[in-house]
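Chemist: Protein chains in written order, with the numbering used here: chain A, 408 to 699; chain B, 17 to 363; chain C, 7 to 332.
By construction, these hints were calculated from the structure, which means they are not laboratory data.
Check each hint, because a few of them may be wrong.
Here chain B is said to cover these stretches of chain A; the calculated rule only asks that three of the stretch's residues, wherever they fall, bring their Cβ under 8 Å from a Cβ of chain B [as the list claims (entries may be wrong)]:
hint, region
1, 588-595
2, 630-644
What follows is a set of in silico ranges between Cβ atoms, one per label pair, in the way DEER data are often shown [as the list claims (entries may be wrong)]:
hint, chain 1, residue 1, chain 2, residue 2, range
3, C, G24, B, L140, 49 to 57 Å
4, C, H145, A, D651, 52 to 60 Å
5, A, I665, C, F55, 39 to 47 Å
6, C, A319, A, E521, 31 to 39 Å
7, C, F55, A, T619, 41 to 49 Å
8, A, R569, B, N74, 44 to 52 Å
9, B, Q62, C, I238, 56 to 64 Å
10, C, L20, A, E556, 39 to 47 Å
11, B, I330, A, N578, 37 to 45 Å
Backbone N, C-alpha and C fix where the C-beta goes; we use that ideal spot for every residue, glycine too.
The residues making up each chain are set out below.
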Amino acid sequence: MIKFISALLFSVIATTASATIEVQDEMGTFSIEQTPQKIVVLEYSFIDALATLGISPVGIADDGKVHSVIKQISEKIKPWVSVGTRSTPNLEIIASLQPDMIIADFERHATIYEDLKKIAPTLVLKSRGETYADNLISMVKVGQAVNQEQKIKQRLAQHNQRMDAFAKEINSDKTFMFSVANAKGIWMHSPVAYAGGVISRLGLKSPIPEETQKAYISATLERLVKANPEYLLIGKYGEQTIIDSFQKNPLWQAISSIKEETYSETNPFLWSKNRGMIAAEIMALELKSLIK
Amino acid sequence: MFKRFIPDLYPSLYLQHKLTLFALAIAILCYSFYFSIVAFSQFSLQASDVYQVLFNYNANDLNQKIIVSLRLPRSLVATLAGIAMACAGLLMQGITRNSLASPSVFGVSAGAAFAFAFSSTGLLPWLSAIPVLFITMFGALIAGVAVFFLGGLHRPQANPIRIVLAGVAINYLCISMTRAAVIYADENAYGVLHWLIGSVSNTQLSDVYTMLPGTVSGLAIALFFSHKLNLLHIGDSVMNSLGSSATSVRLWLSIAIILLIASAVSVVGPIGFIGLIIPHLCRALIGQDYRLLIPLCVLYGASLMLCADSLARIIRFPDDSPIGIVTTSIGALFFLLLALKQVRREP
Amino acid sequence: MSKNNVLCFFALALTLAGFSIWHLAAGAVYIPPSAVIATLQSSNTEHHFIINNFRLPRMYIAGLVGVALGLSGLLVQGVVRNPLASPDILGVTSGASLSVILLAILWPHAPLHYIPWAALVGGFSATAILLLLARKLLHRPAAFALVGIALSAIFGAAIDYLLIVNPLEINTAMLWLTGSVWGRNWQHVPLIVPWLVVLIPIALTLAYRLDILSLGDNTATSLGNSVTQLRIFSMLIAISLASAAVSVCGSISFVGLIAPHIARSLFGARHLLLIPTTAMVGAVLVISADLFARILIPPIELPAGVLTAFIGAPYFIYLLCRDQQW
Chain A
408 MIKFISALLF
418 SVIATTASAT
428 IEVQDEMGTF
438 SIEQTPQKIV
448 VLEYSFIDAL
458 ATLGISPVGI
468 ADDGKVHSVI
478 KQISEKIKPW
488 VSVGTRSTPN
498 LEIIASLQPD
508 MIIADFERHA
518 TIYEDLKKIA
528 PTLVLKSRGE
538 TYADNLISMV
548 KVGQAVNQEQ
558 KIKQRLAQHN
568 QRMDAFAKEI
578 NSDKTFMFSV
588 ANAKGIWMHS
598 PVAYAGGVIS
608 RLGLKSPIPE
618 ETQKAYISAT
628 LERLVKANPE
638 YLLIGKYGEQ
648 TIIDSFQKNP
658 LWQAISSIKE
668 ETYSETNPFL
678 WSKNRGMIAA
688 EIMALELKSL
698 IK
Chain B
17 MFKRFIPDLY
27 PSLYLQHKLT
37 LFALAIAILC
47 YSFYFSIVAF
57 SQFSLQASDV
67 YQVLFNYNAN
77 DLNQKIIVSL
87 RLPRSLVATL
97 AGIAMACAGL
107 LMQGITRNSL
117 ASPSVFGVSA
127 GAAFAFAFSS
137 TGLLPWLSAI
147 PVLFITMFGA
157 LIAGVAVFFL
167 GGLHRPQANP
177 IRIVLAGVAI
187 NYLCISMTRA
197 AVIYADENAY
207 GVLHWLIGSV
217 SNTQLSDVYT
227 MLPGTVSGLA
237 IALFFSHKLN
247 LLHIGDSVMN
257 SLGSSATSVR
267 LWLSIAIILL
277 IASAVSVVGP
287 IGFIGLIIPH
297 LCRALIGQDY
307 RLLIPLCVLY
317 GASLMLCADS
327 LARIIRFPDD
337 SPIGIVTTSI
347 GALFFLLLAL
357 KQVRREP
Chain C
7 MSKNNVLCFF
17 ALALTLAGFS
27 IWHLAAGAVY
37 IPPSAVIATL
47 QSSNTEHHFI
57 INNFRLPRMY
67 IAGLVGVALG
77 LSGLLVQGVV
87 RNPLASPDIL
97 GVTSGASLSV
107 ILLAILWPHA
117 PLHYIPWAAL
127 VGGFSATAIL
137 LLLARKLLHR
147 PAAFALVGIA
157 LSAIFGAAID
167 YLLIVNPLEI
177 NTAMLWLTGS
187 VWGRNWQHVP
197 LIVPWLVVLI
207 PIALTLAYRL
217 DILSLGDNTA
227 TSLGNSVTQL
237 RIFSMLIAIS
247 LASAAVSVCG
257 SISFVGLIAP
267 HIARSLFGAR
277 HLLLIPTTAM
287 VGAVLVISAD
297 LFARILIPPI
307 ELPAGVLTAF
317 IGAPYFIYLL
327 CRDQQW
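If we strip away everything but chain A, and leave its shape as in the complex, we get:
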């Protein structure tokens, strides 16, 4: 009897004792002893994965603007503390939150990796300039790090199913392009940018398929006319952008998208900053409603 009870106890203890989680990240191997509860994220693309898994990050580097996180994601998580800009997050605020884990962007935060590690184990993934495919890999890694690998893989499978369904429904052979515009210029997103990746995932064509070197291409109206997308989506930063002056130019009407009245303006935070499964599905929904 005693043997049985002790064996039972032992097995219970063995299963509840968390094993060290290990994930391959950009700096080598990330390992953490226990499942993290309080997480600080330093880029928008990581919030998506956490929100999907029902985890609320305690701190986000949101550039001091709460609305940078799209509504559909901020609804799923509790209010967070802003830790500053993505390029120079405030290390003190991060430390004061006493997180169990930090998720950082390889490109921006490699310089402070050692400092971040002192605060908490830090998972470093690619984020800035990532492709759609890279982003999905990163999301799985985030899921692994919070010990919910199964759940995130299920969600990924579900996402793939949904995207395939969208692709079938949209089923257009016209060219689609997304660009961001602000007061000083307009940048086209190429097929290797995130938005471009979502567009190709949905089986849609890009008007600039040859641009595979850079994600963001600074454009003039002339380039835009040459690219001549049949569906043009513009994400505007700010009230007054260069689009206002473009619209006064007679060549604006020469772009297919304007001629066929398929031009639309959308939220640049959704299309460019909050990269993730949730964002991708909303983007697909927008494209679908655009076709109708």
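Dock chains B and C against the given chain A, drawing on the hints supplied.
Modeler: Then chains B and C, alone, in the frame of chain A:
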């Protein structure tokens, strides 16, 4: 060699020589203008398209529409900017009698740029109601006054290098503050970098209209005072004894300088070194007579900007690069050569 | 030292101490000064982590960089004999920046701790080029400065070109060059301390000769000093200090320009006194700039270099109003 053509001894040869220079300059300008309209575009624009636009405009042809709605305004903006900066540089060199004077070296264009950047931050919302030209004029004025006093121009014995140091300091100050304003204001600070270096991408016909009044009036003032500027070059006391007031001439010309710089910067951004290179080039060609120098600088300034625009399009074709890269690269080298030459000349 | 000088000195020291404590106290979490002092003395208080891992190293680095920049500016102004001179005009800052950007482009995956070394190499190379071009001009300091400015313009043009053509690759480099104390920690302190430890005593030994130099070249030569040698030597010290500062924090503007002025207006023109006081003024400037950069619009951190530019502006206006005879 050409200096041997002394006007009195060989009047007809002198005239012929000057006319040839101008004819050459006009030819270069025309070709540069044509080249900048047609070259390096993703659409293959050709001479026939230009011909059609001039004589048989068909609004439905895409190539022609591009020429009229995009290329032509862009080239016109480049032309006006080149005229304005070259003329401003020439006048600055004339007033200060310092061969290193130019809008960018003296920080005046940086001052105009800062005023523009500051008004874009929205920290003082009533600023957006004022036309951009007045804001940039104000910035250029403040920077100009600062350099004037810091450089000791208000004193008779002005050390020419001291004023350059003052200009560099003001330039650095304005650029630092502009960068700060940009960090504060912009969601995408990288985009403003192009404008800070000087860019004619995405310019439209409305920009041409913005630049035209300031450039034309500044040029008119300069031409009106060109004879007085010759006297000024000889010396203040000579001029005063001849009955003209050196101070009032300087004042009017300063107004012209500010008008020219402000109109260029408000559209193109603080483009560097045109005002330094062109006056020296023209002086080497045609001598010191400002009545001839001003028109020649106008022609060559425009040509240089147009060529720089074409070059800027080659660098990362088909991506546009800011025109300022080309002018700054050439200009900085030129500045170094000039600095080395000038310091060797002085005792 | 006159009584006035002694008082000023103590006032300056107090200001430095005050700003330092304020720097340690203020931030995302406000730590009252008494707690700060307690934490400095023992290491087992609740604020130990933040103060020892973030604020203290930042304060030291800001102070040390300020010392280096201030001193560098003092020496450059002495060499060029113009109060508007700063280490930037000799091409140090732009040379160092160009070097860092080239490293980022040619060797994108270089270990991060190579960046400060690249900056050092860049600063020294820029000086080497300047000396090569203008060594005959050392007896005409203003002309020498002019060539330096032109060289700076060339490096600046190259930097702008590379920035436009390779925007994404140089992001880390750009972050480093902004002129900020963000992300600097204890591991960066050894990049600058050796330079200061070696060069400040050397500068102090030169103090008397620098005083004579400021009397004019003829006077100095007739008093038996080799003017050119002294100029080269003090310029080398200035460049080393400036390069070290840029390699740690990027280019923080105007400290090298303003600090010597403030010190001169408070303490006169004797270099033996000017050297330590300029160093202290420089430290005060950078520490206070970093302090305000952190607390002005939390949680956003501005780069300290931006704040110093805004201090520079009113200072220039003040200079204009005073219209000093130089």
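Chemist: Does each hint fit the structure? Answer for all of them.
Modeler: For each hint, the structure was consulted:
1. 588-595: holds (count 6)
2. 630-644: Check passed, 4 qualifying residues.
3. C:G24 x B:L140: 49 to 57 Å: violated, 33 Å
4. C:H145 x A:D651: 52 to 60 Å: holds, 58 Å
5. A:I665 x C:F55: 39 to 47 Å: violated, 57 Å
6. C:A319 x A:E521: 31 to 39 Å: holds, 36 Å
7. C:F55 x A:T619: 41 to 49 Å: Holds: the Cβ-Cβ distance is about 46 Å, inside 41 to 49 Å.
8. A:R569 x B:N74: 44 to 52 Å: Because 49 Å falls inside the window, the suggested range holds.
9. B:Q62 x C:I238: 56 to 64 Å: The hinted range 56 to 64 Å holds for B:Q62 and C:I238, with Cβ atoms some 60 Å apart.
10. C:L20 x A:E556: 39 to 47 Å: At 59 Å between Cβs, range violated.
11. B:I330 x A:N578: 37 to 45 Å: Holds - the Cβ-Cβ distance for B:I330 and A:N578, about 41 Å, lies within 37 to 45 Å.
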